[in-house]
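In order, the protein sequence lines correspond to chains E and L.
Residues in the first sequence are numbered consecutively from 41, following my numbering.
Residues in the second sequence are numbered consecutively from 41, following my numbering.
Zero decoy hints are in this set.
For chains that are exact copies, the list does not tell them apart, and a pair is met inside one copy or across any two.
No more than 25 Å apart at the CA atoms, straight line, and that leaves these computed lysine-lysine pairs for BS3-like: (1) K306 - K343; (2) K343 - K302; (3) K306 - K321; (4) K49 - K102; (5) K321 - K343; (6) K102 - K69.
The set of hints was computed from the structure by calculation and includes no laboratory data.
Protein chains: 2
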Amino acid sequence: MLVVMARIKERIGVVGTGRMGANMARRLKDCGVTVAAVFDARARVARRLAAELGGGCEAPRKLARVTALSDIVLTVVSDDAAMEGIFARNGDSLLCGADGRLFINCATVSAEVHQRVELRVTGVGASVLEACMASSIPQARDGSLYLMCGGTQAAYQRARPLLRLLGKTVRHIGGTGDAARLKLIVNMIMIANTAALAEGLALSEAAGLDLTMAREVFAETGAASRVLVTDGEDMQRREHDCYFSAEHAAKDVGLAVRMARKARLKLPVAVAAQRQYERMKRAGLGDLDKSGVSELTFCGRSKGLPR
Amino acid sequence: MLVVMARIKERIGVVGTGRMGANMARRLKDCGVTVAAVFDARARVARRLAAELGGGCEAPRKLARVTALSDIVLTVVSDDAAMEGIFARNGDSLLCGADGRLFINCATVSAEVHQRVELRVTGVGASVLEACMASSIPQARDGSLYLMCGGTQAAYQRARPLLRLLGKTVRHIGGTGDAARLKLIVNMIMIANTAALAEGLALSEAAGLDLTMAREVFAETGAASRVLVTDGEDMQRREHDCYFSAEHAAKDVGLAVRMARKARLKLPVAVAAQRQYERMKRAGLGDLDKSGVSELTFCGRSKGLPR
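This is chain E alone, in the form it adopts within the complex (with noise of 0.2 Å):
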């Protein structure tokens, strides 16, 4: 793990320390960081990661209080509803003395929500920036994330060097709401891209080929693709520990086509791979990975499962 000491005398937040936020902490701390208070809304996760951290680093119970500790917020909540809660207009909020602060938020949400929140955060005299994450638990780890950027020039580059500890490549997108949009649609071909890939192999485990030659084969071919990479041995052993699970797939999958639905475009591939992730929901597998997706296509894999 590179680790790289940081100059970086801001103090941080973070709010949301499921596996991507506590690990994003653990890197920030291991570069130097000053990590001075971390929220979740399961407090004891929260203290448990704070006491892990250590150096002063608190677990507040109010959120205003992780703004009041820090320079700059990384927030990584799990969806538009925790979002648009952290940023509440009223009551206990991520809003409350934040003059100046900076809020860099990394969940995937919606670009409306992000642009809502940069109004409310504009507002209060503080600045935002999205920084979405095309990556895994590990890269968070290990600061190898892909960093998608949407927001102004000002608030992206006093994100930067704090972003180039955590992402081996940060990119500035557009405007607000520009890289959830693209993240989305990089979600969305990744899963329709798995949903086939699971596909490809349950049938060539049906036609009684070799499922390690297949691989190879597919490799070397048009079916070539990242997913095949990350996830086709696992669709072989069956072997689904989670890195980004089955109710995140059909989650962001869902929003791509809703995205898509207002602008009136039709995308019948993303349509049947969100059927499937919402049928690993169904069927009491949404916290597989998403490779877990080939339980449904395996002949004699899914039996007995809803429809």
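Go by the hints and put chain L onto chain E.
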């Protein structure tokens, strides 16, 4: 172009001189192989190719004459019916006087047809190998095809020196039919990925994103795929010169879906991709390259096309 001067003494016949077959014949000629006969259902096409190849190459009207002139016959016909036709039990057929000949069948036809042809060919004392191609026209011309072979070890070993002139990769996949099955699965995944990419690019455009930037991001993330490299820019630029036609895509994914149904598998993403290519055919776009599926997905491109 790498030209390997071959020590192959066997006389070669080529049946089916469309884009692929003609380029394979040219390549063999470049390598110093004797192309003794070419045949196509469109007699003029075959005659023109024979004249181009020279060296005494004939373009006979009868298939039996191809067999008489050749030790090894490469077949690259368009579909199952054409394949059944050239290996008909009665009338003019490659089977006439075929004792000792080797037939190498390169068309994308069903595994069942490969197996039926094998029975007929071995019945007349000849041998047969399927050699499915997962590449396109430029690769046929310069001898860099990806060849997946199905058949006996004896047939494979006899065919291999010739196939090495045509392919940069020559793999023995399994018994007769197995290569066709794997080839269809490769194409099914490729076509689903292509249709998904066309959806992702269409949505990127609708979101106001720069498509060149979007493709760069796709290439660096989970959206990466071989078809992004081969078809992404063509989709953006609406350049759909045909390397792998939409009609061919519809045919291959249709065969794969049929194979899946027989095995009682449900492959909804492949079915969605199949419907897109069937729609291209109905819209009169079957002759476009498979990248032309973007004509269905991009806002404003599909106006007036049938549903």
